[in-house]
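Chain A is already provided as a structure; the job is to place chain B on it using the hints.
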Amino acid sequence: GAGVSQSPSNKVTEKGKDVELRCDPISGHTALYWYRQRLGQGLEFLIYFQGNSAPDKSGLPSDRFSAERTGESVSTLTIQRTQQEDSAVYLCASSLATSGRAQYFGPGTRLLVL
Amino acid sequence: AQKVTQAQTEISVVEKEDVTLDCVYETRDTTYYLFWYKQPPSGELVFLIRRNSFDEQNEISGRYSWNFQKSTSSFNFTITASQVVDSAVYFCALRGTGGGNKLTFGTGTQLKVEL
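Which chain is which? The protein sequence lines are A and B, in order.
So in the working numbering, the last one in the first sequence is 114, and the numbering has no gaps at all.
So in the working numbering, the last one in the second sequence is 1115, and the numbering has no gaps at all.
Distance windows between CB atoms, simulated:
no.	chain 1	residue 1	chain 2	residue 2	range
1	A	8	B	1041	17 to 27 angstroms
2	A	74	B	1041	26 to 36 angstroms
3	B	1046	A	74	20 to 30 angstroms
4	A	22	B	1042	13 to 23 angstroms
5	B	1056	A	12	42 to 52 angstroms
6	A	7	B	1110	23 to 33 angstroms
7	A	22	B	1110	24 to 34 angstroms
Quick look at which bits of chain B chain A covers, simulated, 3 or more residues with Cβ under 8 angstroms:
no.	stretch
8	1034 to 1045
9	1106 to 1115
The set of hints was computed from the structure by calculation and includes no laboratory data.
Glycine included, C-beta positions come from ideal geometry on N, C-alpha and C.
One chain only, chain A, in its complex shape (with noise of 0.2 angstroms):
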């Protein structure tokens, strides 16, 4: 079956401009993640949604970065008024609702601030 996807693969975007991320689970899952990984690093987590709700949003770094999650399904990472530090690559996973299951990870997005 198919498995986490994401888009866009790529975005390079100028420091101050608004991007948007595209996460799409794996059919059924009802949990969805967001983390962060910059160069040569491990993962930072960003958010966790359970459903369409976001029970933690613990590492969401700044005011700027918003998520949301609609119909169970689609998920948007918004950074707002981007700047050079958020230069990353996104990746999102998904898993089942029950606790403990292994999260399964797109490909992430590649952001580069300018």
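Using the frame of chain A, we list chain B on its own:
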């Protein structure tokens, strides 16, 4: 707070050698889950294994094996008879029950397998 430490930043081996990737974790939760993921040069993370804290049985899957020891808070990963295709960054991750559903990742170990 939860923490995962992968002390080995980079390991280089020659094909057919065995290699062990170390993972040490910290958590105050009594129930937790440990994971290993592989990130090949293409960039996409591939799930390898999940282990819950109540199951200390070691697991073998082909050339891969995992050694979980609660006494030392370690969850090490061994690749037997390594191959060039094993070259990747390997991440160990922890999910506790007190920190929501997020995974806490280690910084990863870059494995290079050369001919």
